[in-house]
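*Asks:* Protein chains in written order, with my numbering: chain A, 95 to 264; chain B, 17 to 118; chain C, 140 to 806.
Note that these hints are calculated values from the structure, not bench results. Cβ coordinates follow ideal geometry from the N, Cα and C atoms, glycine included. Careful: at least some of the hints might be erroneous.
As the list claims (entries may be wrong) - These stretches of chain A come out as covered by chain B in the derived footprint (C-beta under 8 angstroms, 3 or more residues):
hint, region
1, 100-109
2, 128-134
3, 143-153
4, 164-172
5, 228-235
Said to hold, decoys possible - Below, a list of computed lysine-lysine pairs in the BS3-like style, where the Cα atoms sit at most 30 angstroms apart:
hint, chain 1, residue 1, chain 2, residue 2
6, C, LYS304, C, LYS169
7, C, LYS312, C, LYS453
8, C, LYS771, B, LYS117
9, A, LYS262, B, LYS117
10, C, LYS588, C, LYS707
Here are the chains, one letter per residue:
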Amino acid sequence: MSVPFILFFLFALASVAGAIMLIVAREPIHSALSLILVMVSLAALYLLLGAEFIAAVQVIVYAGAIMVLFVFVIMLLNAGVEQRTNLSKMAPYAGLPLAVVLLFGLAHWMAHSAIGTTVANGVGAPTQTAASTRLLSEMLFRKYLFPFEATSILILIAILGALVLARKPE
Amino acid sequence: MNVVPISYYLVLSAILFGLGVLAFVFKRNIITIFMSIELMLNAVNLAFVAFARAHNQLDGLVFVFFVIVVAAAESAVGLAIIITIVQNRQTLNVEQVDLLKF
Amino acid sequence: MPLLDHLWIILALPLAGAAINGLLGKNWPKSAVNSVAIGSVSLAFLAVAETVREFLQLSANQIPWVKTYFTWMTAGPFRVNFALQIDQLTIVMLLTVSFVGMLIHIYSTGYMAHEGGYYRFFSYLNLFMFFMLTLVLAANIVVMFVGWEGVGLCSYLLIGFWFLKQSAANAGKKAFIVTRIGDFGFTIGILLLFWTFHSVDFGTIFQQAANMASDTMAQAGVLTTICLLLFTGAIGKSAQLPLYVWLPDAMEGPTPVSALIHAATMVTAGVYMVARMHPLFSRSPIAMLAVAIVGAITAFYSATIGLVQTDIKKVLAYSTVSQLGYMFLACGVGAYAAGIFHLMTHAFFKGLLFLCAGSVIHAMGGEQDMRKMGGLRKLIPVTFWSMFIATFAISGVPGFAGFFSKDEILEAAQSGPHANTALWLLGLVAAGLTSFYMFRLIFLTFFGKQQFDEHKVHVHESPRNMTIPLMILAFLSIFGGWFAAPHLVGGTDHFDSFLHPVFASYEIQHPAGQEESLAGSAGEEGGIKPSPAMGLLHAVTGPPVIVGLIGILIAWWFYIKRPDLPKKLAASMHGLYELLLNKYWVDELYAATIVRPLLWISTNVLWHRVDEGIIDGTVNGSARVARDAGGKFRELQSGNARSYASWVVIGAVSFAAILLGVWMKVR
Chain A
95 MSVPFILFFL FALASVAGAI MLIVAREPIH SALSLILVMV SLAALYLLLG AEFIAAVQVI
155 VYAGAIMVLF VFVIMLLNAG VEQRTNLSKM APYAGLPLAV VLLFGLAHWM AHSAIGTTVA
215 NGVGAPTQTA ASTRLLSEML FRKYLFPFEA TSILILIAIL GALVLARKPE
Chain B
17 MNVVPISYYL VLSAILFGLG VLAFVFKRNI ITIFMSIELM LNAVNLAFVA FARAHNQLDG
77 LVFVFFVIVV AAAESAVGLA IIITIVQNRQ TLNVEQVDLL KF
Chain C
140 MPLLDHLWII LALPLAGAAI NGLLGKNWPK SAVNSVAIGS VSLAFLAVAE TVREFLQLSA
200 NQIPWVKTYF TWMTAGPFRV NFALQIDQLT IVMLLTVSFV GMLIHIYSTG YMAHEGGYYR
260 FFSYLNLFMF FMLTLVLAAN IVVMFVGWEG VGLCSYLLIG FWFLKQSAAN AGKKAFIVTR
320 IGDFGFTIGI LLLFWTFHSV DFGTIFQQAA NMASDTMAQA GVLTTICLLL FTGAIGKSAQ
380 LPLYVWLPDA MEGPTPVSAL IHAATMVTAG VYMVARMHPL FSRSPIAMLA VAIVGAITAF
440 YSATIGLVQT DIKKVLAYST VSQLGYMFLA CGVGAYAAGI FHLMTHAFFK GLLFLCAGSV
500 IHAMGGEQDM RKMGGLRKLI PVTFWSMFIA TFAISGVPGF AGFFSKDEIL EAAQSGPHAN
560 TALWLLGLVA AGLTSFYMFR LIFLTFFGKQ QFDEHKVHVH ESPRNMTIPL MILAFLSIFG
620 GWFAAPHLVG GTDHFDSFLH PVFASYEIQH PAGQEESLAG SAGEEGGIKP SPAMGLLHAV
680 TGPPVIVGLI GILIAWWFYI KRPDLPKKLA ASMHGLYELL LNKYWVDELY AATIVRPLLW
740 ISTNVLWHRV DEGIIDGTVN GSARVARDAG GKFRELQSGN ARSYASWVVI GAVSFAAILL
800 GVWMKVR
């Protein structure tokens, strides 16, 4: 068992554990913290896959900003223990089983899919990703310039929206 | 040198996605449901990065970049909405926010 | 030939009169309505006269003169043109209808002078003239049917003219519905006619029929079926057994209506139709026998009912039914010309009888029961003499119009080519009964003691616009039959010879080359021609005359000499008397066996079960199903986000499964 494998399983386990804790936790703050665990594990996995820039972005933006926002909101709203209402008849009887089906089906399919097996040894050497950031930014500002600009506008709109919505009612 | 097969990453991505769906259906707190959405997005990100690696292309990473950006924007607005809901309905239980019915 | 090319003018004139009076005449003074109505009918009569003049100048191969104006409807091989035709038969009918119609229009201005709805009456009357003339002028059976139905409509409108009176409204309905039964047969006959001959034009049909083999007594083919079906229409329209029941009730209408429609013209449409279709009838012995039997039985049956009726108009109604039976008897034994001749003379004297009855009723201030009259002959002399003349005519007294026509019919029944002794006997007895009850009517009404109080009832003669038509018709009742007079003395019957080309056409060729003479009654068969004087003596001492005179004598005995006798006779033959007085309870029979079950079916089956149950049930049921389904679907939108999420998951999973399946197959 080589080092990448061990690292992979370690972080994979961590992310799955975090996900399960998210479901199981009673308090939302616990769920938030579990989610942070998942994200950080995923960042490690990105590193293993050779996407350093993305890993950094994941930690800084996703875990560092978005999740902090979540935690702030939980604190602001004083979200406590979740109530045990069960008004939906559909959810436990149809949604749950099917969600499980989806989970295992996807997993199984992914495992035995052609793409998964054919590219088993297509992972290149870490040297290829040395200039990945530069290459990434080149691609971002050339090939994907329009989406880039559109996304910046999207962020602007989101800011405005959030401002308007979260204002105190006068 | 043994590398981890891509399929492993894909399976992990699928598992995380499935768990996200489970949480989405199972939980009652609005914020928790929102967080499950983030979980699903993360799972998808993992798949993208894995495929980028598999095809030795960087397009997948660009996509992940955009997904993260959009997730940020969406969380901001979504949480603002949640705050408004809580201010109006004084509850965080999604089953009690059911006025849009027949 | 201006008018012959524009025959439609004859139709347009009364139609215009009807339209103007009907649409505009509501607030006009009576004089304006009169001028429009009488003007249109008189102009129509003048147009007819001019048409006759032009017609007489035509050569033989131009007759029948057919004018097609436009194509009315086409559907594949089915083609109906608006086409009018003239031949000698049409001329006779046109003259009768327009002249008598004109006289009755003039009479009505007096009779209806004090009635409300004056304009409506004349509008309907003009409309009736239009339809009757259409019927007569038609060159194909569909246009004839238009006229047929139209006169039925006008009959309904005019019988129920006083529509606020329940009995009048019912009578109108009854007339229309009963004739409808006959019209149903008529319609099927038209369809069968088209199916057999692929045309509805008379000319084409008769040409083809002439080349067909005729049916025999043993075998009824399509010709017989067509004739029987058409004849059922005639049974309804011309009030024969068993569809006569509407005619007595039709007396609810104003008397001029009874005179014009239910005596002179509409009811004769059936006879005209049979005469017009004679090529078909001559080739179906079974149908002809049926016509003759129905006619003879009706003549006898109706005469028996007329014996004891007390309402003056009802007596005349049953008399009309009886006389129509004579006309059908004539057609049934092949004496078509005799039947038409009787149609014409009947129009004169029966029209006159009804108009006089109207005059009597007018004089008596509305009273119609003969038992309450009596001794009127000094008080209303013009009416009396006119009615007296008409009664002689209908009784077949020699010299008057009815004698010639009735005599010809009975002679044809006795010794014509299709003679039938049983039917001749029926006709003979009916003739006797006819003269009896007609003279009974005269004696009860005009002779004897006054049964009313002179101070209560102010008896007065009718005004001039009523009496002049009476006098004209009285003149015709005497001299209108003299066309046939030379026949008695061995000469030719002018009427028969005039109509000969019509009824001699399309004749059946017998192997020996002899033609069956269908035109008029046969004269003396072979042998030595008797001298004119002998012929005359033979005619005036024949059985019909004898029987007629016996009838008059008995009536005189019962009602002048020994007025107490009728009551004693009625009392002793109580059962028979009741049977006749109640018209053999036929109306009650029909009501019980046909009307009530139909009403029951309509109410319980058709209304409750079909309409309410099935139709409403289906419509309401489908709406209810839609509503309930909608209600169930509505519950999907519960407002609960978790169930929505579950649905999304379900959708995603199914979609993924499909994709996977497709992908698997593709691989």
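*Asks:* Next step is simple, just say for each hint if it's right about the structure.
*Replies:* Verification of the hints:
1. 100-109: With 3 residues close enough to chain B, the hint holds.
2. 128-134: Contact hint for the region 128-134 of chain A vs chain B: holds, 3 residues under 8 angstroms.
3. 143-153: Check passed, 7 qualifying residues.
4. 164-172: Since 5 is at least three, the answer is holds.
5. 228-235: holds (count 4)
6. LYS304/C <-> LYS169/C: Cα-Cα ~24 angstroms, so holds.
7. LYS312/C <-> LYS453/C: holds (18 angstroms)
8. LYS771/C <-> LYS117/B: Answer holds: LYS771/C to LYS117/B is near 13 angstroms, not above 30 angstroms.
9. LYS262/A <-> LYS117/B: This hinted pair holds, its Cα atoms lying about 27 angstroms apart.
10. LYS588/C <-> LYS707/C: It holds: about 19 angstroms lies between the C-alpha atoms, which stays within 30 angstroms.
The earlier numbered hints are all upheld by this structure, with none contradicted.
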